[in-house]
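Going line by line, the protein sequences match chains B and H. Using the UniProt record's numbering, read the first sequence as starting at 1 and increasing by one per residue. Using the UniProt record's numbering, read the second sequence as starting at 1 and increasing by one per residue.
All the given hints hold, so there is nothing to weed out.
Label pairs and their computed distance ranges (CB to CB):
1. B:Ser36 with H:Thr6: 31 to 37 Å
2. H:Asp291 with B:Glu17: 40 to 46 Å
3. B:Ile18 with H:Thr198: 42 to 48 Å
4. B:Lys72 with H:Gly135: 31 to 37 Å
5. H:Glu58 with B:Ala55: 16 to 22 Å
6. B:Ser31 with H:Ser286: 54 to 60 Å
Calculated from the structure, these hints are not laboratory results. Backbone N, C-alpha and C fix where the C-beta goes; we use that ideal spot for every residue, glycine too.
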Amino acid sequence: MEESIIKHIEQELANEEIEDGLELTDDLLGSGILDSLGMMKLISFIEEAYSIQVAPEEMVIENFMTVESICKYINSKV
Amino acid sequence: MNFSLTKVQQQLKSDFSEFAKKVLNTSIYERDKDLSFSKEDWQKCADFGVLGISVSPEYGGYKIKLDLLSATLAMEGLGYGCRDNGLPFALSAQMWTVQLPIEQFGTDEQKQRFLPPLISGKKIACHALTEPNAGSDVFSMQTSATKVDGGYILNGEKCLITLAPVADLALIFAVTNSKLGKWGISAFIVETNTMGFTVSSNKEKMGLRTVPIGSLYFKDCFVPEKNRLGKEGAGWSITNHSLEYDRCSILASQLGAMEYQLEQSIAYVKERKQFGKSVGEFQSVSNRIADMKLRLETSRLLLYNVAWIKDQGRPAMLESSLLKLQLSESYVLSSLDTIRNHGGYGYLSENEVERDLRDSVGGVIYAGTSDIQRNIISKLLGL
Numbered sequence: 001m002e003e004s005i006i007k008h009i010e011q012e013l014a015n016e017e018i019e020d021g022l023e024l025t026d027d028l029l030g031s032g033i034l035d036s037l038g039m040m041k042l043i044s045f046i047e048e049a050y051s052i053q054v055a056p057e058e059m060v061i062e063n064f065m066t067v068e069s070i071c072k073y074i075n076s077k078v
Numbered sequence: 001m002n003f004s005l006t007k008v009q010q011q012l013k014s015d016f017s018e019f020a021k022k023v024l025n026t027s028i029y030e031r032d033k034d035l036s037f038s039k040e041d042w043q044k045c046a047d048f049g050v051l052g053i054s055v056s057p058e059y060g061g062y063k064i065k066l067d068l069l070s071a072t073l074a075m076e077g078l079g080y081g082c083r084d085n086g087l088p089f090a091l092s093a094q095m096w097t098v099q100l101p102i103e104q105f106g107t108d109e110q111k112q113r114f115l116p117p118l119i120s121g122k123k124i125a126c127h128a129l130t131e132p133n134a135g136s137d138v139f140s141m142q143t144s145a146t147k148v149d150g151g152y153i154l155n156g157e158k159c160l161i162t163l164a165p166v167a168d169l170a171l172i173f174a175v176t177n178s179k180l181g182k183w184g185i186s187a188f189i190v191e192t193n194t195m196g197f198t199v200s201s202n203k204e205k206m207g208l209r210t211v212p213i214g215s216l217y218f219k220d221c222f223v224p225e226k227n228r229l230g231k232e233g234a235g236w237s238i239t240n241h242s243l244e245y246d247r248c249s250i251l252a253s254q255l256g257a258m259e260y261q262l263e264q265s266i267a268y269v270k271e272r273k274q275f276g277k278s279v280g281e282f283q284s285v286s287n288r289i290a291d292m293k294l295r296l297e298t299s300r301l302l303l304y305n306v307a308w309i310k311d312q313g314r315p316a317m318l319e320s321s322l323l324k325l326q327l328s329e330s331y332v333l334s335s336l337d338t339i340r341n342h343g344g345y346g347y348l349s350e351n352e353v354e355r356d357l358r359d360s361v362g363g364v365i366y367a368g369t370s371d372i373q374r375n376i377i378s379k380l381l382g383l
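Construct the complete structure from the given sequences, taking the supplied hints into account.
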């Protein structure tokens, strides 16, 4: 799961090439790796790939700040 | 995909249209000139149930819970029947950018406290996001909310806020943690008579002049914690959540207005005689009518498609940007074409044709400019 999400972000969504690759603990939205549109696309990708529905009130930092938190969130839903 | 409307949906659209035609179209020419907001018309809309279409019946919403396509059709009907374009615009702003977030993100106490007075028309609310240095780049906002015992202290300024001068409440977005970037923005529901909160007078603008617009200023304005909407840092998701709903509703009333323009144009060019025949028989005029019809129907398909996708519980990022771009730009073109169809008669303000053009221009700026929509579309296409 972690590898798949990192690969998708690096190849499809990141604003710029990420030097030394994306880390599990990198802040995706806050550090500018993703912009708002990129984050919305990532949420769409997660919904489709893992067959979950992300409620609007769940789109918060605790769930979507880093790849690590995203994976934890997905695991809590599936 | 099936765009056949149910009888209930057809009736809803027709009811809203008839309501608007019968009770809303008075003294718009004068109010447009003197920038006057009609609280009376706002109340008539509330009494009819317009403000309830975005909210569940349990909080005072419309008698039945409407899906987005049905709510969109209702607003299309309202836009068709109402000659005051500002009114549906302002109603949409409150319904989808204040009421919807409160229902989606609010606590039970917040829903019970804030939604019924808004839906009944007793109170008016504005959505305060834009700042002098944060327009399209809205998350670079500077208004701050500093945590203190029992709440937050707001400092900063918001501008270009629809309904601000007449609002009793404001949904305000402010930075609660600047180190967290977009995750550091929170939303607060604040009464406009709160100490440290001041509101500017109405600012004169090109169109939509029956709806007041203004600035909000916060100087050490204390907001209790119970007035924060959603979790701390939920500002980004609150904004994104309401965006596609708001677009459908605002654009639906514009679509209704475009349909009215087309019918008005056809009737006029048939009746108006020059060189011994109806001007509609001249190909340059009839082609223009055909273009208006094409813009209307392409816009309608895009609108219904976005509403349908949202009703399936799916995101409509690309589709809603295509819709916003196409419909708002089409409304400007159709408004100009309507003036051309009416000739000199259309150019005179007293005949109430030219006002639509002035009203339409805001649509290519607010809720994401056409430039931004093109950026989003091209980015979503992988560029």
